[in-house]
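Student: The primary structure of each chain is shown beneath.
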Amino acid sequence: MNSVETDMAENNLPNSKLGSLQYDPAPESAAIAKLKSSYGLFINGKFTDPSKHEQFETINPATENQLATISQGSASDVDKAVKAARKAYDNVWSKTTGAERAKYLYRIARIIQERSRELAVVETLDNGKPIRESRDVDIPLAAAHFFYYAGWADKLEHAGFGNSPKPIGVAGQIIPWNFPLMMAAWKLAPALAAGNTCVLKPAETTPLSALILAEIIQQAGLPDGVVNIVTGDGATGSALVDHPGVDKIAFTGSTGVGRLIQQRVATSHKRLTLELGGKGANIVYEDAPIDEMIEGIIDGIFFNQGHVCCAGSRLLVQESIADDVLRRLVRRVEQLRVGDPMDKNTDIGAINSLEQLKRINELVAYGEQEGATRYTSSCELPKKGFWFAPTVFADVSQSHRIAREEIFGPVLSVLTFRTPEEAITKANNTNYGLACGVWSEKGSRTLWTAERLRAGVVWANTYNKFDPTSPFGGTRESGFGREGGKHGLEAYLNV
Amino acid sequence: MSDRLEVRKTYKLLINGAFPRSESGRSYEVTSAKGEFLANAAQGSRKDVRDAVAGARAAQSKWWSASAYNRGQVIYRLAEMAESRSDELVEFVKLSEGVKSDVAKATVAKSIDRIVWYAGWTDKISQVLGGSNPVAGPFYNFSVPKPTGVIGVIAPQNSSLEGFVECVIAPIAAGNSVIALASEKRPVPAVLLGEMTETSDFPAGVLNIITGLTSELAPGLSSHEDIDGLDLEGADEAFADELAFLAAGSIKRVLRPGKKSPKNSIHRLRAFVETSTVWHTIGQ
Chain L
1 MNSVETDMAE
11 NNLPNSKLGS
21 LQYDPAPESA
31 AIAKLKSSYG
41 LFINGKFTDP
51 SKHEQFETIN
61 PATENQLATI
71 SQGSASDVDK
81 AVKAARKAYD
91 NVWSKTTGAE
101 RAKYLYRIAR
111 IIQERSRELA
121 VVETLDNGKP
131 IRESRDVDIP
141 LAAAHFFYYA
151 GWADKLEHAG
161 FGNSPKPIGV
171 AGQIIPWNFP
181 LMMAAWKLAP
191 ALAAGNTCVL
201 KPAETTPLSA
211 LILAEIIQQA
221 GLPDGVVNIV
231 TGDGATGSAL
241 VDHPGVDKIA
251 FTGSTGVGRL
261 IQQRVATSHK
271 RLTLELGGKG
281 ANIVYEDAPI
291 DEMIEGIIDG
301 IFFNQGHVCC
311 AGSRLLVQES
321 IADDVLRRLV
331 RRVEQLRVGD
341 PMDKNTDIGA
351 INSLEQLKRI
361 NELVAYGEQE
371 GATRYTSSCE
381 LPKKGFWFAP
391 TVFADVSQSH
401 RIAREEIFGP
411 VLSVLTFRTP
421 EEAITKANNT
431 NYGLACGVWS
441 EKGSRTLWTA
451 ERLRAGVVWA
461 NTYNKFDPTS
471 PFGGTRESGF
481 GREGGKHGLE
491 AYLNV
Chain C
496 MSDRLEVRKT
506 YKLLINGAFP
516 RSESGRSYEV
526 TSAKGEFLAN
536 AAQGSRKDVR
546 DAVAGARAAQ
556 SKWWSASAYN
566 RGQVIYRLAE
576 MAESRSDELV
586 EFVKLSEGVK
596 SDVAKATVAK
606 SIDRIVWYAG
616 WTDKISQVLG
626 GSNPVAGPFY
636 NFSVPKPTGV
646 IGVIAPQNSS
656 LEGFVECVIA
666 PIAAGNSVIA
676 LASEKRPVPA
686 VLLGEMTETS
696 DFPAGVLNII
706 TGLTSELAPG
716 LSSHEDIDGL
726 DLEGADEAFA
736 DELAFLAAGS
746 IKRVLRPGKK
756 SPKNSIHRLR
766 AFVETSTVWH
776 TIGQ
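Protein chains in written order, with our numbering: chain L, 1 to 495; chain C, 496 to 779.
Accuracy of the hints is not assured; some may be wrong.
As the list claims (entries may be wrong) - Below are the DSSO-like pairs computed for lysine-lysine, each with C-alpha atoms no more than 30 angstroms apart in a straight line:
| id | chain 1 | residue 1 | chain 2 | residue 2 |
| --- | --- | --- | --- | --- |
| 1 | C | K619 | L | K166 |
| 2 | L | K52 | L | K103 |
| 3 | L | K103 | L | K83 |
| 4 | C | K557 | L | K426 |
| 5 | L | K442 | C | K619 |
| 6 | L | K36 | L | K83 |
| 7 | L | K442 | L | K465 |
| 8 | C | K619 | L | K465 |
| 9 | C | K619 | L | K155 |
| 10 | C | K504 | C | K680 |
| 11 | C | K557 | L | K442 |
| 12 | C | K542 | L | K426 |
As the list claims (entries may be wrong) - Among the chain L residues that face chain C by a calculated CB cut under 7 angstroms, a handful are:
| id | residue |
| --- | --- |
| 13 | Q66 |
| 14 | R259 |
| 15 | Q262 |
| 16 | A266 |
| 17 | V458 |
| 18 | A460 |
| 19 | T462 |
| 20 | T475 |
| 21 | E477 |
| 22 | F480 |
| 23 | G485 |
Unchecked claim - Some chain C residues near chain L, calculated using beta-carbon distances under 8 angstroms:
| id | residue |
| --- | --- |
| 24 | T505 |
| 25 | P629 |
| 26 | V630 |
| 27 | F634 |
| 28 | D736 |
| 29 | F740 |
| 30 | G744 |
| 31 | R748 |
| 32 | H762 |
| 33 | T770 |
| 34 | V773 |
| 35 | T776 |
| 36 | Q779 |
Quick caveat, the hints were computed from the structure, so don't treat them as lab data.
We put the beta carbon where it would ideally sit given N, CA and C, even for glycine.
Isolated chain L (complex conformation) (with noise of 0.2 angstroms):
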């Protein structure tokens, strides 16, 4: 027995196994993403077969099983992708009005929003996340996204970026596998109604829900070129980063990558904006609301099996309520209910790849290798599949691997402090900066903590909230240029 179950124990607290009371399963069918068996590189309005006929497999994480064929396309490949685009921009959409753009943005929302449903689930299949996420925040935010932009497109002017801000022309944008549908949303929508033409490199493990906006934007009737669709691995990637044809890189990813992007651009007088890694603290005072605190934490790094670059990876509490924290998350993840992605009632789905799967389970060792005290979910794992059980590390200090590096999984490292001054010293403790969270009743503390914080967002009593008002982006190695809001078109206009 370890000393949190002792603790239950003496406190006659229910050791609560919610998690593993028997539910009816509630599965939402697979039949509805309609997929194709295989998909075309989407270039010049057309779905095109890739240049070097190389393909590979997309697989559900939670199955292995294969979803469909995917092209991988060559530099050749992006070199048309990047002329469709640059014709695009010359000819069409540069003459095309600020209130026209809008109207294709509009109808885009419009489509997303109709096809939800079809949308949620190729998302939860090709990526492992549960259903109840894809269906209440992937594709309502994507949709929101393109909605919100697309009141942009006439009215640039207003912005804070003079009286007639232009665009840069053509953008080479390249997301990760954690939120792909909207994260496609979050590049093409601003990029569009700034007045540029994009091309789009979907994560090599997540491209279903960027083919499937491709049909969208055939149905929305844009312009041929306007919006071009390149699937593919890293190289694919790369090629796009060096193609001197494009003016413009957003990365959303790695700071790993996101450093080598940044040395390539260097010297190519590229605009670049990234959207990198993060250890983001979640600093809990004595005095905070407990059950929502408590949720707040379990949101704050178990959302998307912890595939969350703004995670609240870093949980630093008050060392008066340490212990009382600590039993209560134990207990709270203990109830959370781990397995089929597809099914209604999932907290927590698959682990994205099995390199990725890899990597949480070198970091969990370092974990305990260095002496923290790990406590992991005793729920049962599905047999097929890439699955990681909810972990909490407790005992955790600032030199901790597990305290200092990204684990982008379902894994939380906690932390003490006893003074609010200590707790801005170890949240800043960090060469990352992207988002924090602070809890307590006490909003000037709230507040003064706010201030202190090198972070692009603080989250006060709440945590992983996304909303296209508001400028999403980090500080420091997290990156530069912010997502959302009208301080996201300064990314893609001249200014």
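Given chain L's structure and the hints, the job is docking chain C onto it.
Tutor: Same frame as chain L, now just chain C:
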């Protein structure tokens, strides 16, 4: 011409509020645009740069925690000091840049006016670049521009005062601290301005000025991991590429040279701020 032998001054570095010679013990001769001896200046070293970064880091949070009103007053005070010593600035701009007196006078006047312009920005930038965001949910959500942190500036090589002011005062007005490499061949006006911060209530370390060889100092400045942003205005294209590459090692914000700076543009304020957004729940 009097017979009195003039007392020559050595132009020293400004590091964390002090005016040391270079720790390297080196100095170099600065000449006028015509090639005549003008002054001895400290030839700063990489260690001087590192010392300046340490001072700038400590100063930055203090500078940012002062009220915007107070920061405006401090910067305005610098304009007052510059005005009172403008004859000296005019003389050295004239000699350094090889321009006629009236041109130098106009340059100094414009530089001082620019300091005043930026002084007025300290308490307006937050409203102009920030705001509240109407999110769909029970949250009060607002964004404010926070300073990027510690900024390295490769000051323009030709415009010894006006260009220096533009590149240095803008990030300071936005709440950053600065380590500036003064123009290699024309450092004196910048050093004079640095001296004036001493009597302008600038907290130590907010502005640090290193004189010396740009080619020797700029790479260390650009790759320093505790610098958050870099203004490359004083580097030529090829050198700027090299420095931008070094800056990428720690994901610095980089302002490349040659970007047009129209008279009323705030792009230098915008370049070194980070939009920081706070969500707070609304409820009873």
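Student: All hints are to be evaluated individually against the structure, with a verdict given for each.
Tutor: Going through the hints against the structure:
no.	hint	verdict
1	C:K619 - L:K166	holds (25 angstroms)
2	L:K52 - L:K103	violated (37 angstroms)
3	L:K103 - L:K83	holds (25 angstroms)
4	C:K557 - L:K426	holds (19 angstroms)
5	L:K442 - C:K619	holds (28 angstroms)
6	L:K36 - L:K83	holds (27 angstroms)
7	L:K442 - L:K465	holds (21 angstroms)
8	C:K619 - L:K465	holds (28 angstroms)
9	C:K619 - L:K155	holds (23 angstroms)
10	C:K504 - C:K680	holds (17 angstroms)
11	C:K557 - L:K442	holds (24 angstroms)
12	C:K542 - L:K426	holds (28 angstroms)
13	Q66	violated (37 angstroms)
14	R259	holds (6 angstroms)
15	Q262	holds (4 angstroms)
16	A266	holds (4 angstroms)
17	V458	holds (5 angstroms)
18	A460	holds (4 angstroms)
19	T462	holds (5 angstroms)
20	T475	holds (4 angstroms)
21	E477	holds (5 angstroms)
22	F480	holds (5 angstroms)
23	G485	holds (6 angstroms)
24	T505	violated (37 angstroms)
25	P629	holds (5 angstroms)
26	V630	holds (4 angstroms)
27	F634	holds (7 angstroms)
28	D736	holds (4 angstroms)
29	F740	holds (4 angstroms)
30	G744	holds (7 angstroms)
31	R748	holds (5 angstroms)
32	H762	holds (7 angstroms)
33	T770	holds (5 angstroms)
34	V773	holds (5 angstroms)
35	T776	holds (4 angstroms)
36	Q779	violated (12 angstroms)
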